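Colleague: Residue numbers (numbering that gives the first Met the number 0), protein chains in the order written: chain A, 0 to 445; chain B, 0 to 445.
One or more of the hints may lead you astray.
Computed list of lysine-lysine pairs in BS3-like fashion (alpha-carbon distance at most 25 Å, straight line) [to be verified]:
| hint | chain 1 | residue 1 | chain 2 | residue 2 |
| --- | --- | --- | --- | --- |
| 1 | B | Lys160 | A | Lys50 |
| 2 | A | Lys50 | B | Lys161 |
| 3 | B | Lys161 | A | Lys355 |
| 4 | B | Lys359 | B | Lys275 |
| 5 | B | Lys160 | A | Lys12 |
| 6 | B | Lys161 | A | Lys12 |
| 7 | A | Lys275 | A | Lys45 |
| 8 | A | Lys50 | A | Lys225 |
Using C-beta positions, here's what the derived DEER-type ranges look like [stated by the list, open to error]:
| hint | chain 1 | residue 1 | chain 2 | residue 2 | range |
| --- | --- | --- | --- | --- | --- |
| 9 | B | Asp5 | A | Thr99 | 49 to 59 Å |
| 10 | B | Ala427 | A | Arg377 | 33 to 43 Å |
| 11 | B | Lys50 | A | Lys419 | 22 to 32 Å |
| 12 | B | Arg349 | A | Ser288 | 37 to 47 Å |
| 13 | B | Lys50 | A | Asp208 | 37 to 47 Å |
| 14 | B | Arg291 | A | Cys92 | 23 to 33 Å |
| 15 | A | His93 | B | Thr271 | 31 to 41 Å |
| 16 | A | Arg426 | B | Phe395 | 49 to 59 Å |
| 17 | B | Gln205 | A | Ser81 | 22 to 32 Å |
| 18 | A | Glu226 | B | Thr178 | 31 to 41 Å |
| 19 | A | Arg159 | B | Glu318 | 19 to 29 Å |
| 20 | B | Asp208 | A | Glu226 | 52 to 62 Å |
| 21 | A | Thr178 | B | Ser102 | 31 to 41 Å |
Just so you know, the hints here were simulated from the structure itself, not pulled from any lab data. Nothing here was measured: the structure is a model prediction, and the numbers come from that model. Virtual Cβ for every residue (Gly too), placed ideally from N, Cα, C.
There are 2 protein chains.
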Amino acid sequence: MPVDMDKIVSLCKRRGFVFQSSEIYGGLGSCWDYGPMGVELKRNVKDAWWKAIVQERNDVVGIDTSIMMHPRVWEASGHVDSFTDPLVECKACHLRWRATEVSDQRCPKCAGELTEPRMFNLMFKTLMGPVEEEASTIYLRPETAQGIFVNFENVVSTSRKKLPLGIAQIGKSFRNEITPGNFVFRTREFEHMELEYFVKQGTDEQWLDYWVKERFDWYIELGIKKENLRLRQHGKNELAHYAKDCYDVEYLFPMGWSELEGIANRGDYDLTQHAKHSGRDLSYYDAESGERYVPYVIEPSAGVDRSFLAFLIDAYDEEEIGGETRTVLHLHPSLAPVTVAVLPLSRNERLTPLAKEVHKQLCQSFMTYYDDSQSIGRRYRRQDETGTPFCVTIDFQSLEDNQVTIRERDSLAQIRVPIKGLEEILRAKLGGEAFDTSPLWATRQP
Amino acid sequence: MPVDMDKIVSLCKRRGFVFQSSEIYGGLGSCWDYGPMGVELKRNVKDAWWKAIVQERNDVVGIDTSIMMHPRVWEASGHVDSFTDPLVECKACHLRWRATEVSDQRCPKCAGELTEPRMFNLMFKTLMGPVEEEASTIYLRPETAQGIFVNFENVVSTSRKKLPLGIAQIGKSFRNEITPGNFVFRTREFEHMELEYFVKQGTDEQWLDYWVKERFDWYIELGIKKENLRLRQHGKNELAHYAKDCYDVEYLFPMGWSELEGIANRGDYDLTQHAKHSGRDLSYYDAESGERYVPYVIEPSAGVDRSFLAFLIDAYDEEEIGGETRTVLHLHPSLAPVTVAVLPLSRNERLTPLAKEVHKQLCQSFMTYYDDSQSIGRRYRRQDETGTPFCVTIDFQSLEDNQVTIRERDSLAQIRVPIKGLEEILRAKLGGEAFDTSPLWATRQP
């Protein structure tokens, strides 16, 4: 049973995950700002992707291309012609509607008469440079993928890698959506994590299978419950114009099963199009076999913001503990905005110096939060609500024995450990080590 | 004597640091793409900033606001009125020029007659949403700072922090510059690292001094040579309309001393303006003293791309070694795109499995590069050229003694170490430990 979206939106506002953009001016439709907690969760999602896709592999390199690209890129890619939605306009109030959304011939707002459907391009236009001519009309990219395709030749010739080779990118994309909504799920400004994996034709189907499994497993490894995740193959009539085959990884959001990520077999569509439009040879020469060919491309394309939302929703829980309800985010420790909170038992001139020393030590290695206000119980609850996996409590005994208590978010176990070994223990825990309450560490259970 | 910019541009292209955007279509003016090496260096620069500014401090939190903001934000901030350059237009060819750049009354291109100077706003405009009305004209942000100011209230109320409090952000900004240039130094699309540090009036001057020193030292700690860095206080007539005082951190680029970062005392200008335009009370209540006031703001504002460029230029060297010239980037190990290269002595069926095993082990913790083609000497040179601080070489003796050779980029020292302790030793080296060639590790000097 998924949690209400309202509860998530409210938590996000209350605890600094997500604010409405330009809120003091009444907000800007479908734009959102990530607050102090949200920015860390989002950074961790992106870093986890980069680690799995780029750092830990020898067959993928990264790239970071500009949002503004040459307009001919979007002619070649097909976005100028086909990245469109049919819209109708009200002849009276001039409001526009997605044609598929209005069932009758009258405007849903003022009951005015509607025009025939016209195609509306989803790309944002702007003018670049001081000369206001047609030539300087450019688009904000609606996807990061094309930045990869137009650099294929550059990357292959400078990286000294052979196929199969992946090029990965994380960055902002923009789509002038007609009906954005569901919080950060569908927005006009959003962030993409895209991998274009170039392979030889004939191996493309097995690489598609490989990447579908890899990407599905990634979400599971980072804590998404298996029952909330499913794969869905696109029907033939549903495939984009460039796709030979496509699978969506879907998550059970509060509004129902919705796409987290698409893994498509784009064939040789993009490189062929760009070769045709640019006049450049974008084929690949395989020195071992002596063959030259235009590679096929497998594309796992994920949304940062909707992954962020899925991780948040999936981690959300309300638990009964001792007759009280605690709201807790069971986020994977590597995704949690704060890894460790340092909490002196009370704001006290004897405890504060030691607590600050512990904080200073830990913040070299971990995202750390220092809090010395209100009761320790309330501070634990607050950390639970933002998903902090570990709290370190400094009490008066710490002044004598140089030990502190680690409290674990999920199990609520508390163990007593020497300050000196704190960093090492936390590192082991982050690596997935179970909480060891044996006498060696658990010298006291307060 | 600074290196020629041409050499840097050439290295960047050749080794995959920076490519021209949309190059296969003839390029897009002043837009650049970061290649496999560039994206890692840029990520490391941003991560180093985030670690120093957010992670290691208890008085700063992060945020990530949208590029598209409510248009009234830019009225309040003054950008609609004053973020302008005076331009003249040629009546014949309609090319526009910065008025200060044309000394006579004739177009530098076609010698046509020029118009009187008119003000040209540097913000990029676009239309948001399906309704094409004036109300939906929005701007791409020309700085990330305003996203922080309009969220000041949200952050203070949800983060439970007291003043002095900093809010930090890294993100893209856009300025429709008339004369971009000097490679990635001045571009139309660029990345900002901005901190807005909110303090009580009266303490602002000492906080300005504090942040000027902090920021200057940051570049030094990350390896910029002191003689290539200077501070310059703005003259009274040079100050922006919002600034009470401002210092630039300047770097000796090939084109001369140029701004890397500005550290400004913005006073209470921004919060006051937004309070006035939004009708919201943006003052801060100090619970301890019972006072309510509008905070002053100290703003260290740095460019990611120009920091990237400065680190690259400063690290560049050509050295004579054994009668040959090696090109080397003496990048700080925490900034280097690749931390460790794994190089089997030759491509050999006995060496490859062990080398791949070492690579697999190291890439869990470090950005790692595997290369087994061409001679070991050439591979070392290639790693030098992209600034890889450590090369790990696997030779035939490794198969017997489970030891490998670490070769250090700067000292060219080689030490023999057990594979088992490799990760720990590299971690210590990254932490700044000197290269220990004592017999304990240096069991063999090949």
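Colleague: Each hint: holds or not?
Modeller: So, going through the hints one by one against the coordinates:
1. B:Lys160 <-> A:Lys50: violated, 32 Å
2. A:Lys50 <-> B:Lys161: With Cα atoms ~35 Å apart, Lys50 (chain A) and Lys161 (chain B) exceed 25 Å; violated.
3. B:Lys161 <-> A:Lys355: holds, 16 Å
4. B:Lys359 <-> B:Lys275: violated, 58 Å
5. B:Lys160 <-> A:Lys12: Holds - the C-alpha atoms of Lys12 (chain A) and Lys160 (chain B) are around 16 Å apart, at most 25 Å.
6. B:Lys161 <-> A:Lys12: OK: Lys161 (chain B) and Lys12 (chain A) at ~19 Å, within 25 Å.
7. A:Lys275 <-> A:Lys45: violated, 34 Å
8. A:Lys50 <-> A:Lys225: Between Lys50 (chain A) and Lys225 (chain A) the Cα gap is close to 22 Å, so the pair holds against 25 Å.
9. B:Asp5 <-> A:Thr99: 49 to 59 Å: holds, 55 Å
10. B:Ala427 <-> A:Arg377: 33 to 43 Å: At 41 Å between Cβs, range holds.
11. B:Lys50 <-> A:Lys419: 22 to 32 Å: Holds: the Cβ-Cβ distance is about 23 Å, inside 22 to 32 Å.
12. B:Arg349 <-> A:Ser288: 37 to 47 Å: Between Arg349 (chain B) and Ser288 (chain A), where Cβ atoms are some 25 Å apart, the hint is violated.
13. B:Lys50 <-> A:Asp208: 37 to 47 Å: At 39 Å between Cβs, range holds.
14. B:Arg291 <-> A:Cys92: 23 to 33 Å: violated, 45 Å
15. A:His93 <-> B:Thr271: 31 to 41 Å: The hint (31 to 41 Å, Cβ to Cβ) holds, given that His93 (chain A) and Thr271 (chain B) are roughly 38 Å apart.
16. A:Arg426 <-> B:Phe395: 49 to 59 Å: The hint (49 to 59 Å, Cβ to Cβ) is violated, given that Arg426 (chain A) and Phe395 (chain B) are roughly 35 Å apart.
17. B:Gln205 <-> A:Ser81: 22 to 32 Å: 59 Å Cβ-Cβ, so the 22 to 32 Å window is violated.
18. A:Glu226 <-> B:Thr178: 31 to 41 Å: violated, 58 Å
19. A:Arg159 <-> B:Glu318: 19 to 29 Å: holds, 23 Å
20. B:Asp208 <-> A:Glu226: 52 to 62 Å: holds, 57 Å
21. A:Thr178 <-> B:Ser102: 31 to 41 Å: violated, 54 Å
Taken one by one, the earlier hints fail for this structure at numbers 1, 2, 4, 7, 12, 14, 16, 17, 18, 21, listed in ascending order.
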